[in-house]
Amino acid sequence: MKAKTIKTILRLTASIIVVAFVLSFLTLLLKPKFMTGITEGAMIAEFYKEEMCHDVVFVGDCELYENISPITLWENYGISSYIRGSAQQLIWQSYYLMEDTLRYETPQVFVFNVLSMKYAEPQKETYNRMTIDGMRWSMSKVNSIKASMTEDEHFIDYVFPILRFHSRWSELTNEDLEYLFTKDKVAHNGYYMRVDTLPVTSIPEARPLADYALSTNCWDYLNKMLSLCRKNNIELVLVKAPSLFPIWYDEWEQQIEAYASKNNLKYYNLLEDSDIIGINWSTDTYDGGLHLNLSGATKNSIYLGKLLQEECGVSDHRGDPYYESIWSSKIDFYYASIEEQKIKYGITDSKDDE
Amino acid sequence: MDAIKDTLLNMLSDLHPDVDFESETNLIDNKILDSFDIVSLIADINDELDVAITADKIVPENFNSLEALTKLVFELSDED
Amino acid sequence: MLFTSYSFIGFLAIVILLYWLIPRKARWVFLLAASICFYYQSGKTNLLYILATVVTTYIFTNLIDRNNTKEKEYIKANKESLSKEERKAYKEKQKSKRQKLLVASILINIGMLAVVKYTNFTINNINSVMRFFGSGAHLSFIDIVVPMGISYYIFQTVGYSIDVYRGKSSATKNIFKFALFASFFPQLVQGPISRYDDLAPQLYESRKFDWKVTSFGLQRILWGFFKKLVVADRLLTAVQTIISKNDVYSGIYVLIGMLFYAIELYCDFTGGIDITIGTAEALGINLKENFIRPYFSKTLKEFWNRWHITMGTWFTDYIFYPLSVSKFMLNLSRSSRQKLGDKIGKRVPVYTATIIVWFTTGIWHGSSWNFIVWGLGNCVVLLISQELEPFYKWFHSKTKVQGTRIWDAFRVCRTLLIVSTLRLLDCYRNVPLTFRMFASIFKNSGEITAKNWGALGLTNFDYGVIIVAVIIIFVVSLIQRSGSVREKIYKLPYWGKFCIWFGLFLIVLIFGQYGIGFSASQFIYNQF
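Those protein sequences? They're chains A, B and C, same order as listed.
Residues in the first sequence are numbered consecutively from 1, following our numbering.
Residues in the second sequence are numbered consecutively from 355, following our numbering.
Residues in the third sequence are numbered consecutively from 435, following our numbering.
These are computed hints drawn from the structure, not numbers from a lab.
All values reported here derive from a predicted model rather than from experimental measurement.
There may be inaccurate statements among the hints.
Under the rule of at most 27 Å between Cα atoms (straight-line distance), these lysine-lysine pairs were calculated in the DSSO-like manner [to be verified]: (1) K359(B) to K777(C); (2) K411(B) to K722(C); (3) K510(C) to K531(C); (4) K732(C) to K385(B); (5) K4(A) to K931(C); (6) K4(A) to K646(C); (7) K780(C) to K411(B); (8) K411(B) to K735(C); (9) K118(A) to K141(A); (10) K761(C) to K425(B); (11) K411(B) to K931(C); (12) K425(B) to K780(C); (13) K262(A) to K31(A); (14) K827(C) to K385(B); (15) K425(B) to K646(C); (16) K385(B) to K780(C); (17) K411(B) to K761(C); (18) K411(B) to K646(C); (19) K411(B) to K529(C); (20) K425(B) to K510(C); (21) K183(A) to K33(A); (22) K602(C) to K385(B); (23) K777(C) to K735(C); (24) K411(B) to K518(C); (25) K522(C) to K411(B); (26) K506(C) to K425(B); (27) K385(B) to K722(C); (28) K385(B) to K832(C).
Derived Cβ-Cβ restraints for the label pairs, each shown as a range [to be verified]: (29) K602(C) to T150(A): 47 to 57 Å; (30) N512(C) to E415(B): 30 to 40 Å; (31) Y638(C) to P414(B): 22 to 32 Å; (32) A467(C) to E421(B): 41 to 51 Å; (33) E421(B) to N608(C): 48 to 58 Å; (34) F869(C) to D356(B): 54 to 64 Å.
The beta carbon of each residue, even a glycine, is placed where N, CA and C say it ideally should be.
Please take these sequences and the hints and turn them into a complete structure.
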C-alpha cells in the first residue's frame with residue numbers, strides 16, 4: 001500500500017473514533033438520569049445489575065412497583081423476587097419485559113398486574129421512554145418500541161436517544177455530570193418506596209363506559225404471555241393490585257375471571273381482599289388511594305407472599321448462605337432508605353407507632 | 355453601420371453620462387444597464403431608428419457592449 | 435416530506451448513494467423516479483397537476499418546434515422560387531401559428547395555476563362587491579388545496595415553452611426527460627425557478643463522481659439545516675405570537691416582530707434553498723443561486739437583484755421585457771411622448787410594465803389583497819427612488835458622504851427597514867390591520883413587560899443561541915464576499931476541516947429545534 005492510502009485510512013479511522021466518542025459522551029450527558037425526583041425512570045435498567053436468582057418476577061405498572069415490597073417477601077417468606085415495573089407500563093411492554101427477563105433467568109412464577117388491560121393503544125411518549133430506554137438492546141426491545149410508539153415518535157429516536165433529549169442542553173444540572181457514568185440504586189428490587197401518608201378523602205365516581213369489552217389487542221398479548229410462560233414452564237399469576245383509582249370496573253373483573261378460569265390460571269384480586277389484607281385507607285396510601293405507602297405495601301406483601309408460597313409453591317430460601325448474602329445488603333439499603341425518607345418527609349417514629 | 359453606432363452611443367450617453375460605452379464590454383453583467391435602461395433604450399431605438407427589438411433578443415450577449423448592440427440593430431434593420 | 439424531517443434525510447441519503455452507484459445512462463431515470471416518489475409523498479392528487487403541466491407543455495412545445503422545422507425546410511426547399519416578400523409573409527404566418535400554440539399552452543398552464551390559487555380569492559371579492567351593492571346572494575367557496583410547489587413548476591414549464599417559442603431552446607422529444615426537468619425534487623417545494631437550457635443538460639447527462647463536489651453539497655445542506663433548525667424554527671413561535679396577539683404586541687413589539695421576522699424569513703428561506711442547492715450539488719448538478727447576501731443591499735432595487743433572484747429574473751424576462759417592448763407599449767410610448775413631452779412620455783411604458791410586474795409578483799406570492807398591496811408597495815418605493823436619482827446626484831455633489839462606510843451602513847439599514855416594513859403586510863395578512871399596527875409604532879402603545887416578553891416562549895438560552903447563530907451567519911456572509919467559504923475551508927489542514935464540519939453538525943444536532951423535545955414538566959405524576 002502507498003503511504004498516502006495508509007494515511008487516509010488512518011485519518012478516517014481516527015475521525016470515526018472521535019465522532020463515536022463525542023456522540024456517545026453527549027448522549028450520556030443529555031439523557032435524563034432519573035436519580036432524583038422521578039426515579040422511576042431508572043428502574044428498568046437496574047435489573048441488569050442483579051444476581052439472577054429470582055423465583056418470582058413481577059411485570060406491570062405502578063400498581064406493582066409501589067404496592068409490593070420484595071424485601072418484605074424475603075423477610076417473611078424467604079421468597080426471592082424482583083419487580084420489573086415502570087410507569088404506565090402497557091401490556092405489550094410487560095410482555096416484552098418478560099421475554100427480556102428470560103434472556104437472563106427463568107423464574108418459577110411471573111406475576112402480571114391486569115390494570116394495563118384497559119389500554120389498547122400507545123399512551124404517552126414520556127412513559128414509553130421511561131419503560132423502554134432502560135432495556136438492553138434485543139429483539140424484545142425492538143418489538144416493544146414498535147408496539148409502543150405514539151404517532152409523532154420515530155424508531156430512530158430510540159436508537160440515538162440524543163435525537164430525543166438534545167434539547168436538554170439548557171436544563172443540565174450537576175446531577176447530569178455526577179451520574180454521567182454511574183448510577184445510584186433507586187429501588188428495592190424494583191420497589192419504589194414512599195413512607196409519607198395522604199389519606200383517601202374521596203374517590204372519583206366511576207363513570208359508565210360505552211364499551212366494557214377489553215380490547216383484542218390486549219387479549220392477544222395476554223395469550224402471548226401465557227404461551228411464553230407455558231413454553232418455559234413458568235406459572236403465570238394474574239393480580240389486581242389494591243388501588244382505589246383508576247377505577248377497576250366489575251365488567252372488566254368478570255372478563256379477567258373468566259379468562260383465568262378458562263386457562264386454569266390463578267387470579268388474585270387484592271383490591272377486593274383489601275379488608276382482609278388490612279389496608280387502612282387513611283394511613284396506608286401516600287396519594288389518596290392511587291398507590292400504597294410503605295405501611296400499605298408491607299401489609300399487601302405479607303398477604304400476597306403467603307399466597308405465592310402456599311398456592312404456587314415458591315421456595316423459602318432463608319438460611320441458604322448464597323441467598324442470605326445477597327439479601328442482607330439489600331435489607332441494609334432498605335432500612336437506610338426508610339430512615340432517609342422519614343427525615344425527608346418529617347415523620348417521627350412516635351407517629352409511626354399507631 | 356457607423357451611423358447606427360453613433361446614434362446608439364448618444365442614446366446610451368444620455369442614460370449614463372459617466373460611463374465610457376466605447377470601451378465597456380460588460381454592461382449587463384456589471385449591472386451598468388438595468389432593466390429600466392434597456393426598455394427605454396429599446397423605445398428610443400424604435401423611435402429614432404425604426405427598429406423593433408423583440409423580447410427574445412433581450413439577452414446579455416446583445417446588450418453587453420455598444421459593439422454587440424450595434425450589430426443587433428444593424429441585423430434587424432437589414433432584415434426588413 | 436419536509437426538508438427537516440427524518441424521512442427526508444433518509445430519502446436523501448438513499449438517493450445520493452444510489453445515484454452514484456447506478457450506471458450513468460440510467461441516472462436521469464432514477465432521478466425522475468425519486469422525484470415522483472418525493473412528490474407522491476405530499477399527496478397523490480398533486481401528481482395529477484404536475485402531470486397535466488408536463489403533458490400539455492410537452493405537446494405544445496413540440497408542435498411549436500415542428501412548425502419551426504417545417505418553416506425552415508420549406509424556405510430551404512423553395513429558396514429560389516420565393517420572393518423576399520413571399521418569404522416574409524410565409525414567415526409571419528408561421529410565426530403567428532406558433533404564437534397561437536404558445537398562447538394556448540400558457541393559458542392552460544397559467545389557467546390551472548389561477549384556478550387552484552385564485553378561485554376562492556375571486557369569489558371572495560365578488561361576494562364583497564355584491565354585499566356592497568346590497569345583494570344577499572353570494573357564491574360559495576370551492577374546496578381545493580393548492581398543490582405543493584405548483585407556482586414554481588408551472589413558472590418553470592411556462593418559461594420553457596416561451597424559450598422554445600423564442601428559439602432559445604429546442605423542444606425535448608422525450609416526455610420523461612421533460613418530466614424530470616419539471617419535477618426535479620430538490621426544487622419542487624420552493625424553487626429556485628430554473629431555466630431549461632441551464633438545468634436540463636445537467637439532469638440528462640450525469641457527471642463523473644467527484645467527492646469534492648458531493649461533499650460540498652452535503653456541507654451546504656448542513657449549513658441550510660443550521661439556519662433552518664437552529665435559528666428560523668426557534669424564532670417561529672415568537673414571530674407567530676407577536677403577529678397573532680396583535681392586541682398585546684403593538685408599538686415597540688411591531689418593530690421587534692419586524693426584526694425577528696427578517697431573521698426568521700431569511701434563515702428559513704435561504705436555509706431551505708441551501709438544502710435544495712446542496713442536494714443538487716451532491717448529485718453533481720449546479721442550480722442557479724437564489725440569494726446573494728440580500729441584507730447587504732444598499733437599495734431596494736439592489737435587494738431585489740439579490741433576494742429570490744430566479745423569481746425576479748423570471749418576471750423580468752418573461753413579463754417585464756415582453757410587455758414593455760411590445761408593439762402596444764412602444765406605440766403608447768410614442769404617442770405619450772408626443773402628447774406629454776419627452777420626459778413624462780418616456781416613463782409611461784416602463785412605469786406601466788413595472789406596475790403590472792409588481793402586481794403580478796404580489797399576487798404570485800399569495801392570493802389576497804395584502805400581497806397585492808405588498809407588491810405595489812415595492813413598486814412605489816422603486817419608482818420613487820428612481821425619480822429621486824437626480825436629487826441623490828445633487829446631494830452627493832454637495833456632501834462627501836458617498837462611498838464612506840457610515841453612509842453605506844446607513845443605506846443597508848435603511849433598505850432593511852423598508853423591506854421589513856413592507857413585509858408587515860405579509861405578516862398580518864390584512865391590509866387595514868397592517869396599517870394600524872404600523873401606526874402603533876409611532877403611538878407608543880404596547881409596552882415590554884416581563885409577562886408579555888416571557889409569553890413569546892423563548893428562554894434566555896434561546897436568545898443566546900439566536901444571537902450567536904446570527905453572528906456566525908453574519909461573519910460567514912462577510913467572508914463570503916471574497917469567495918466561496920467552503921473552498922476556503924477545503925484548503926485548511928484535515929483536522930481543521932474536520933473540526934469545523936463536525937462542530938457545525940453538533941451545533942445542529944444539539945441546538946436544532948426538532949423532535950418531540952424533552953421537558954421535565956411532561957413528567958407530571960398523574961394517573962397511569
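Cross-check of the supplied hints:
1. K359(B) to K777(C): Holds: K359(B) and K777(C) sit about 24 Å apart, inside 27 Å.
2. K411(B) to K722(C): Within the cut-off at roughly 22 Å; holds.
3. K510(C) to K531(C): Since the Cα atoms of K510(C) and K531(C) sit roughly 19 Å apart, the hinted pair holds (cutoff 27 Å).
4. K732(C) to K385(B): Within the cut-off at roughly 14 Å; holds.
5. K4(A) to K931(C): holds (18 Å)
6. K4(A) to K646(C): Distance of about 18 Å is within 27 Å: holds.
7. K780(C) to K411(B): holds (21 Å)
8. K411(B) to K735(C): With a Cα-Cα distance of about 24 Å, the restraint between K411(B) and K735(C) holds, given a limit of 27 Å.
9. K118(A) to K141(A): Status holds; Cα separation ~22 Å.
10. K761(C) to K425(B): holds (22 Å)
11. K411(B) to K931(C): violated (46 Å)
12. K425(B) to K780(C): holds (25 Å)
13. K262(A) to K31(A): violated (45 Å)
14. K827(C) to K385(B): holds (18 Å)
15. K425(B) to K646(C): violated (42 Å)
16. K385(B) to K780(C): holds (21 Å)
17. K411(B) to K761(C): Holds. K411(B) to K761(C) sits at ~15 Å (cutoff 27 Å).
18. K411(B) to K646(C): Judged against 27 Å, a Cα distance of about 38 Å means the pair is violated.
19. K411(B) to K529(C): Since the Cα atoms of K411(B) and K529(C) sit roughly 16 Å apart, the hinted pair holds (cutoff 27 Å).
20. K425(B) to K510(C): holds (25 Å)
21. K183(A) to K33(A): holds (8 Å)
22. K602(C) to K385(B): Holds, at about 23 Å.
23. K777(C) to K735(C): Holds: K777(C) and K735(C) sit about 22 Å apart, inside 27 Å.
24. K411(B) to K518(C): Holds, because 23 Å separates the two Cα atoms, which is no more than 27 Å.
25. K522(C) to K411(B): Answer holds: K522(C) to K411(B) is near 19 Å, not above 27 Å.
26. K506(C) to K425(B): Answer holds: K506(C) to K425(B) is near 23 Å, not above 27 Å.
27. K385(B) to K722(C): holds (18 Å)
28. K385(B) to K832(C): holds (26 Å)
29. K602(C) to T150(A): 47 to 57 Å: Cβ of K602(C) to Cβ of T150(A): about 53 Å, so the range 47 to 57 Å holds.
30. N512(C) to E415(B): 30 to 40 Å: holds (31 Å)
31. Y638(C) to P414(B): 22 to 32 Å: Hint holds: Cβ distance 25 Å, inside 22 to 32 Å.
32. A467(C) to E421(B): 41 to 51 Å: Holds, at about 48 Å.
33. E421(B) to N608(C): 48 to 58 Å: violated (39 Å)
34. F869(C) to D356(B): 54 to 64 Å: The hinted range 54 to 64 Å holds for F869(C) and D356(B), with Cβ atoms some 57 Å apart.
This entry does not satisfy hints 11, 13, 15, 18, 33, going by the numbered hints stated previously.
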